[in-house]
Amino acid sequence: MTRRSRLCIPNLPHHIVQRGHNRHVVFSSDADRLAYLSTLAEFRRELGVKVHAWCLMTNHVHLVVDPGEDRANLGRLMKRLAGRHTRRVNRIESKTGTAWEGRYKCSPIDSRRYLLACTRYVELNPVRAGVSGDPAEFRWSSYRSRMGWDSTGAGMLDLDPCFLSLGTTPEEQRSVFREWVAAGVTAPELQFIREALQGNRLTGTEEFSLELERQADLRIPCRKRGRPQTKRDGEKGTDLISRPEK
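Take the sequence shown: its letters are residues 565 to 810, numbered as in the numbering used here.
Keep in mind the hints are simulated off the structure, nothing from the lab.
Every residue gets a Cβ at the ideal spot worked out from N, C-alpha and C, and that includes glycine.
Keep in mind that a hint or two might mislead.
Stated by the list, open to error - Derived DSS-like pairs: lysine-lysine, alpha-carbon spacing no greater than 30 Å straight-line: (1) Lys614 <-> Lys659; (2) Lys643 <-> Lys659; (3) Lys669 <-> Lys614; (4) Lys669 <-> Lys643; (5) Lys659 <-> Lys669.
Claimed, not checked - FRET-style restraints, in silico, Cβ to Cβ: (6) Ala595 <-> Thr662: 27 to 35 Å; (7) Ala718 <-> His585: 29 to 37 Å; (8) Arg570 <-> Asp722: 19 to 27 Å; (9) Gly647 <-> Gly612: 29 to 37 Å; (10) Pro725 <-> Ala747: 17 to 25 Å; (11) Pro752 <-> Asn623: 21 to 29 Å; (12) Pro752 <-> His585: 43 to 51 Å.
Using the sequences provided together with the hints, build the complete structure.
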């Protein structure tokens, strides 16, 4: 059976999840996580990709990465991250075989509407998993770097225009985003992001999918036909995915 090729679009951020083989532990120590982030920083520079968010859980990773002009950079990055980490683990633990599942999950993101939502989803993952009560308590995500609180991953985070538009100063941007993250992710938002990720579909609207098809001359599967579910308030609709307000 031929596997469908992974949807990857140039100059667009992608939400990525890669899990350990059979969901086994891939990070058993802080040294493992530091080595992974060091590799990510190295190949971010070498390939010229942008890293908008990350979260290193015990048995999987979340990344939000823009491959730039060459969409193949995404595959190159993930292959190098997985390969180097596997070799390190096998050397330390004197074993063979891969540390990771064969295929990572990937969903291109409509950055204008859903990038901040995917970022919040990624950085709240430790809270949803019960690892920490607050994203600020978890050292191995991009949240603390985004807030300017520590140097883990320092210099590696690419702040996107959506985040920068939250305020005129870094302090204001961080304050608005911090309050928005504290509000949490709704159940429909979780479902929307997860379904897009699991199906390798666009995290975005049908309108944006059609716009990309016209620009790139390819068929882009979306979550489903029509726009994401909205709530009506008079004549105004509110997106299923919320956005922070200044």
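Hints, one by one, checked against the model:
no.: 1; hint: Lys614 <-> Lys659; in the structure: violated, 33 Å
no.: 2; hint: Lys643 <-> Lys659; in the structure: holds, 20 Å
no.: 3; hint: Lys669 <-> Lys614; in the structure: holds, 18 Å
no.: 4; hint: Lys669 <-> Lys643; in the structure: holds, 13 Å
no.: 5; hint: Lys659 <-> Lys669; in the structure: holds, 26 Å
no.: 6; hint: Ala595 <-> Thr662: 27 to 35 Å; in the structure: violated, 20 Å
no.: 7; hint: Ala718 <-> His585: 29 to 37 Å; in the structure: holds, 31 Å
no.: 8; hint: Arg570 <-> Asp722: 19 to 27 Å; in the structure: holds, 22 Å
no.: 9; hint: Gly647 <-> Gly612: 29 to 37 Å; in the structure: violated, 19 Å
no.: 10; hint: Pro725 <-> Ala747: 17 to 25 Å; in the structure: holds, 22 Å
no.: 11; hint: Pro752 <-> Asn623: 21 to 29 Å; in the structure: holds, 27 Å
no.: 12; hint: Pro752 <-> His585: 43 to 51 Å; in the structure: violated, 32 Å
In summary, the structure is inconsistent with hints 1, 6, 9, 12 from the numbered list given earlier, while agreeing with the others.
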